[in-house]
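There are 2 protein chains.
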Amino acid sequence: MDRYPSSLLEKAVSEFAKLPGIGRKTALRLVLFMLKRSDSEVDAFSDAISHVKKDIKYCKICHNISDTDICPICADGHRDGQVVCVVENIQDVMAIENTQQFHGLYHVLGGVISPMDGIGPNELEIESLVSRVAEGNIKEVILALSSTMEGDTTSFYISRKLASFNVRMSVIARGISVGNELEYTDEVTLGRSILNRTPLQK
Amino acid sequence: MDRYPSSLLEKAVSEFAKLPGIGRKTALRLVLFMLKRSDSEVDAFSDAISHVKKDIKYCKICHNISDTDICPICADGHRDGQVVCVVENIQDVMAIENTQQFHGLYHVLGGVISPMDGIGPNELEIESLVSRVAEGNIKEVILALSSTMEGDTTSFYISRKLASFNVRMSVIARGISVGNELEYTDEVTLGRSILNRTPLQK
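Chains as they are written, first to last, in the UniProt record's numbering: chain A, 1 to 202; chain B, 1 to 202.
Accuracy of the hints is not assured; some may be wrong.
Identical chains blur together in the list; that is why a pair holds if it fits in one copy or across any two.
Unchecked claim - Straight-line distance between alpha carbons at most 30 Å, and here's what the computed DSSO-like set of lysine-lysine pairs gives:
#, residue 1, residue 2
1, Lys57, Lys161
2, Lys161, Lys36
3, Lys18, Lys36
4, Lys54, Lys18
5, Lys11, Lys161
6, Lys57, Lys36
7, Lys139, Lys11
8, Lys36, Lys11
9, Lys57, Lys18
10, Lys36, Lys54
11, Lys25, Lys36
12, Lys25, Lys11
13, Lys202, Lys25
If you're looking for bench data, these hints aren't it; they were derived computationally from the structure.
Model the full structure from these sequences, guided by the hints.
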């Protein structure tokens, strides 16, 4: 057990060490870095964290993080409101936005079904997705969840929930990554990439 | 460039990304983790950081971090006030304390001489070390600086500064690490370990 020369220091280190992926050595380095910064820089840091926690909103439509009740994507009239892409979290929204290939709306579940972690369908924004689809404006739901057992389970659950609605369902393509060599791709992925082959554009 | 759905989120991510070793992706993960925590947990985090910055003191004797004007080590009457170990920063104090092999006092320089980074002798607590030695109570000064060019330069500078005083000077041993195999030790270290060999205890 490390002995800290100061209880204030130890407290700050403990708080940093609660963050994911940050151990006590890194935490100490971060706190000592903080001590070297100016008062105003440290205030800016702790204010930014307090503010984001207190004032952040979640979009009432898609549950993405937002400064306003309706997020900029849902509020954007130029986007296609008939297509909704279902994702796990806001990092996934940002990742898809960065591709610039999708111009519809999103629905952020807030996780995937994972009984091991105590996350059932009721912990996720699935009912609100069903309500959105029930309104009748949505023509296609794209499931863009992780290619894991939990992701697949959630995709299956959602597809059953939406089965009674007149809405097209699709799943993002599984296949070999762009830039990857065939021989190093695992066999399940390779098998999927053959099954889901796409016709060549002539 | 990532597009954040919220300016509050972007601000918090930018603040986290200013910390050493934390990129924007990690920063986003940390902020989203913060959002999942309770209000009181987030307050505890930002309070701990504000407090450590505002209320931390530096020991008036050894310049170690402390809650009080004199740090617990300097205030401890059981420690040997005749031996002072000169270190670069407080992590080094903690590392040496963890060995439980040293029972003297410390002197924290706050860095090493590094002209490339604009750090000269005047930026470090060298004058205050000279003053401590000039008081006449110190019998031995142990230089425990990093085994780098900057560390060696600083050791040399300090040894010259203290040359006129009647004080024993020593440098911590350089040699092969405990548990390391000889054949994988670099030749400079191995050479030093032979030069500085210690007599076997019979």
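Hint numbers not upheld by this structure, sorted from lowest to highest
5, 7 and 13
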